[in-house]
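So you can see what is in the structure, the chains are spelled out below.
There are 2 protein chains.
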Amino acid sequence: MIEKIAAYGQYDVVFSSIDDFDLDFFLQKYYSSAQKIVLVDENTYKYCLDYLITSVPSLAQAEVIVVPAGESTKTMETAIQLWSTLLEYGISRNAVCINLGGGVITDLGGFVGALYKRGIDCIHLPTTLLAMVDASIGGKTGVDFEGVKNQIGVFYFPKLVLCDTAFLATLPEEQILSGYAEALKHGLINSRELWNKITTNSPKSINKQLLKEIVKVKNEVVLQDPLEKNLRKALNLGHTIGHAIESLFLEENPIPHGFAVAWGLVYEAKIATNVGELSIEEFNEIRSHIVKHYGEPNNLENHIEDLINWMKKDKKNDGEGINFSLLAAIGDVKINQIVAEEHIIEALLSAF
Amino acid sequence: MIEKIAAYGQYDVVFSSIDDFDLDFFLQKYYSSAQKIVLVDENTYKYCLDYLITSVPSLAQAEVIVVPAGESTKTMETAIQLWSTLLEYGISRNAVCINLGGGVITDLGGFVGALYKRGIDCIHLPTTLLAMVDASIGGKTGVDFEGVKNQIGVFYFPKLVLCDTAFLATLPEEQILSGYAEALKHGLINSRELWNKITTNSPKSINKQLLKEIVKVKNEVVLQDPLEKNLRKALNLGHTIGHAIESLFLEENPIPHGFAVAWGLVYEAKIATNVGELSIEEFNEIRSHIVKHYGEPNNLENHIEDLINWMKKDKKNDGEGINFSLLAAIGDVKINQIVAEEHIIEALLSAF
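Sequence lines, in order, name chains A and B.
For what it's worth, the numbering used here labels the leading residue of the first sequence as 14, then goes sequentially.
For what it's worth, the numbering used here labels the leading residue of the second sequence as 14, then goes sequentially.
Isolated chain A, as found in the complex (with noise of 0.2 Å):
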C-alpha cells in the first residue's frame, strides 16, 4: 500500500503514456503480492485492454471484470453484482482496482473500491477526454439511484491517475465534445486567458499541455477543498440544470454528459445575465461557441417543470431553494447563489 500519498485528498495525476510512466513497475514496487482487479466495460475491453496488459505484463493474472457500456450500468444493482464478484474471486483488503474506461467506469469502480471490506486500492486509466478532465479527477464516486445522478457516493482518492493519451486517438467525435464540455467549464471559472486558449482550439486539436493545464484547475481546487465545503462548489458551474437535462432523458433518450453541461453552462450564464452578474457580451461568446459545437437543444421549454423538479433533487440545495454557482464574468465565478424560480425559468425559455 502506498503511504507516501496516503494523506487525505492526495494523490498523483500523472499525464504519460503507460510505457514511459512504467505501471508495471509501479504495480511491482507497491502491489506485488497483492491480487489486481481490471475493471473495463464492453468498449475498453475492446479498445483498451489489450494494450494495457502488453504494456503491463503484472497484470497478466489479473481479474478482469467487464461491465456493460454507458450511464444505465452505473447503479446500486451493478455495484452489488461487482461486489458479490470480488467475495466470490476472494478478493482481499490488500488488493488494487485499475478502473480502465471513461467516467462511468471511473465513478462506479472507485465505488465499489471504496466500500469493499472498507476500502481497496484503486488506480485510475482514464480512457475518455471526459474521464480525464473531470470524472477521474477529486475523489468523486458514485452511483445513480432510483434515476438520480450521483445521489449514493462517496469521496474516496485513488491513488494515482495515469491519463495515457494515445487512448483518445479512437474516440467518436460525441465522446471527444463530452469531454471538451468541461474543457470549457474548467476555463470559465478559472481565467479569461484559458478560457482564449480553450475556444481558439477545436474540440480534436487540445494537446497534451493544454490539457494539464486545464486538469490543473480542477485539482488545485480539489486540494484545496475535497469534500466540497466551499470553493469547489466553482466546479458544479452549468451543472445544476445539465444534470436536470441529463436526469429527465437517462431513461428514454439519453443525452451525453457533456451536451447537457455545455447547455447547461448556456443556460446557467444566461441566469447570470438576468440577475444581473454577467454581461451580455460575455454571455453571447459563451452561447456562440457552445452551439459552434453543440448546436441547440431541442424543444427543452416544453420539460421546464420536470426540469425545475431534477433541479430541487440536486445535491448542492439546502432545502431552501435551487443553489447555482453562476458567472460574474469569464474566470470569475460566485458560489452558492440561490435563485428564484422565475429566473431559472426565464433562462430556459429565452437562452437559445
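Source of the hints: derived by calculation from the structure; they are not laboratory data.
Hints are not guaranteed to be accurate.
Identical copies look the same in the list; a pair holds intra-copy or inter-copy alike.
Computed cross-link-like contacts, DSS-like style, restricted to lysine-lysine with a CA-CA straight-line distance of at most 30 Å [said to hold, decoys possible]:
1. Lys221 <-> Lys210
2. Lys325 <-> Lys42
3. Lys242 <-> Lys42
4. Lys59 <-> Lys42
5. Lys225 <-> Lys59
6. Lys172 <-> Lys242
7. Lys42 <-> Lys326
8. Lys325 <-> Lys49
9. Lys49 <-> Lys326
10. Lys242 <-> Lys49
11. Lys242 <-> Lys59
12. Lys305 <-> Lys225
13. Lys325 <-> Lys172
14. Lys347 <-> Lys42
15. Lys49 <-> Lys347
16. Lys172 <-> Lys59
17. Lys59 <-> Lys210
18. Lys347 <-> Lys210
19. Lys172 <-> Lys225
Chain B: place on chain A using the hints.
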C-alpha cells in the same frame, strides 16, 4: 456544519446525560436550519425516543425512521430502503442524522449517512453498553453482505458521540454482557491494570468513570490510525474467531456479538499460548473469567471446517493466510500474526 471538528477522524466523544450536555443547544447552534432525521429500531423507538424528544425540543419536527431490531437489519437492502425514504422526504445534503440505538443502528445509520449525497452529518447516541464502548467509536460503518459481517462499508466519522448512561438502566442482562466482552478486550490490549479493574467489576457495576477509561483505549488507537493500517488492528483481538462464530450462526440461531467475541478472546488466547506467546497461567485467567460470565460455547467442534472458511473471508487477511492479533501477555498485543490452520484447529478443539 461543524467546521471545528471537521478534520479527518476528529470528533467528540462525550459521556454525559443529554440534558447536562444540552444537546438541544448544540443542535440549535450547529444545525438550526438543517433537516433532522432520527434513526431508531423498534426497541429504541419504544424505550428511548420519548426520553430524547422530551429533552431536545429541536427534535420535535424531526423525521423519525424506524427499522426492525437486530443484526439481520444491517443489510444493503435496508440501506437502499433508507436512501429511498430520505429522497422521498426531500432530505438535503445539509441534513443531520441522529442515530439512536445499539451497534446495528450506529453502524447502519453511519453508513447510510456517509453515502447519501456523498455524506450528511451524523450524531451517534449509543443506547447499549456495546455501542458505547465499541460500535459507535471509531468511524467504522457498514452492512453485512451475503451473510458476511461488515463486508461493505466505509470509514466515516460522526460529528459527535454522546453517551448517556441513563439508557443502560433498562438493558437486559444479555445486552450488558455483550458490551462487557468488548470492555474486557480493551483491558486485554491495554494494560494489566485496566484488565484487573474491569474484571474486579461485574458487568453491571461498571460505572461512568471506568467506562470513560475503557472508551479512551479505543479512541486513542483510532485517532492514531483511523484507517486501520497498523495499530488499530489490535482492536480486532478476539474478533477473527468471534466474527466467524457470529457469521456461522447468523441466519439460523444468532449468537449475541458479545458472546461470540468473549469466546473468540478465549480461542485466540489459546492460539497465542500454543504458538508460545502467552503464558498458560494468563490463558487460564482469561478463560476462567470469561466462562464465569459467558459459559462455554456449545458444540463448536462440529463446525471446525465452516469456522475456518468464515475466517478466510475476514477483512484482515491479505490472501495468504489467516491474520490474527494475538496476546503476548495481558496488556500486550501483537498485530499481523499469520497463524497456520493446524494451530487454529487445535485451539478450537482444546480451548474449553
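We went through each hint and held it up to the structure:
Taking identical chains as interchangeable, the C-alpha atoms of Lys221 and Lys210 lie at most 30 Å apart only when both belong to the same chain, with a minimum of 13 Å there against 65 Å between chains. When the C-alpha separation of Lys325 and Lys42 is checked against a cutoff of 30 Å, the pair qualifies only between copies, where the shortest distance is 26 Å, while the shortest distance within a copy is 47 Å. When the C-alpha separation of Lys242 and Lys42 is checked against a cutoff of 30 Å, the pair qualifies only between copies, where the shortest distance is 18 Å, while the shortest distance within a copy is 36 Å. In this assembly of identical chains, Lys59 and Lys42 lie within 30 Å of each other by CA distance solely inside one copy; the values are 28 Å within and 55 Å between copies.
Within a single copy, Lys225 and Lys59 get their C-alpha atoms as close as 27 Å, which meets the 30 Å cut-off; across copies the closest is 58 Å, which misses it. Taking the shortest alpha-carbon separations for Lys172 and Lys242, both the intra-copy value of 23 Å and the inter-copy value of 15 Å come in at or below 30 Å. With identical chains, the CA atoms of Lys42 and Lys326 are at most 30 Å apart between copies only, with a shortest distance of 26 Å across copies and 44 Å within one. In the homo-oligomer, the alpha carbons of Lys325 and Lys49 lie at most 30 Å apart only across protomers (18 Å), although the nearest pairing inside one protomer, at 41 Å, exceeds that limit.
With identical chains, the CA atoms of Lys49 and Lys326 are at most 30 Å apart between copies only, with a shortest distance of 17 Å across copies and 37 Å within one. For the identical chains of this complex, Lys242 and Lys49 are inter-copy neighbours only, at 19 Å across copies versus 34 Å inside a copy, given an alpha-carbon limit of 30 Å. Taking the shortest alpha-carbon separations for Lys242 and Lys59, neither the intra-copy value of 39 Å nor the inter-copy value of 37 Å comes in at or below 30 Å. When the C-alpha separation of Lys305 and Lys225 is checked against a cutoff of 30 Å, the pair qualifies only within one copy, where the shortest distance is 25 Å, while the shortest distance between copies is 66 Å.
For a Cα distance limit of 30 Å, the shortest separation of Lys325 from Lys172 across copies, 26 Å, qualifies, whereas the shortest one inside one copy, 34 Å, does not. Taking identical chains as interchangeable, the C-alpha atoms of Lys347 and Lys42 lie at most 30 Å apart only when they sit on different chains, with a minimum of 26 Å there against 44 Å within one chain. In this assembly of identical chains, the alpha carbons of Lys49 and Lys347 lie at most 30 Å apart only when taken from different copies (28 Å versus 43 Å within one copy). Taking identical chains as interchangeable, the C-alpha atoms of Lys172 and Lys59 lie at most 30 Å apart only when both belong to the same chain, with a minimum of 25 Å there against 46 Å between chains.
For the identical chains of this complex, Lys59 and Lys210 are neighbours neither inside a copy (34 Å) nor across copies (64 Å), given an alpha-carbon limit of 30 Å. Proximity of Lys347 to Lys210 under the C-alpha cut-off of 30 Å is restricted to the intra-copy arrangement: shortest distance 22 Å within a copy versus 58 Å between copies. Taking the closest pair of Cα atoms, Lys172 and Lys225 come within 30 Å of each other only inside a single copy of the chain (18 Å); across copies the shortest separation is 37 Å, beyond that limit.
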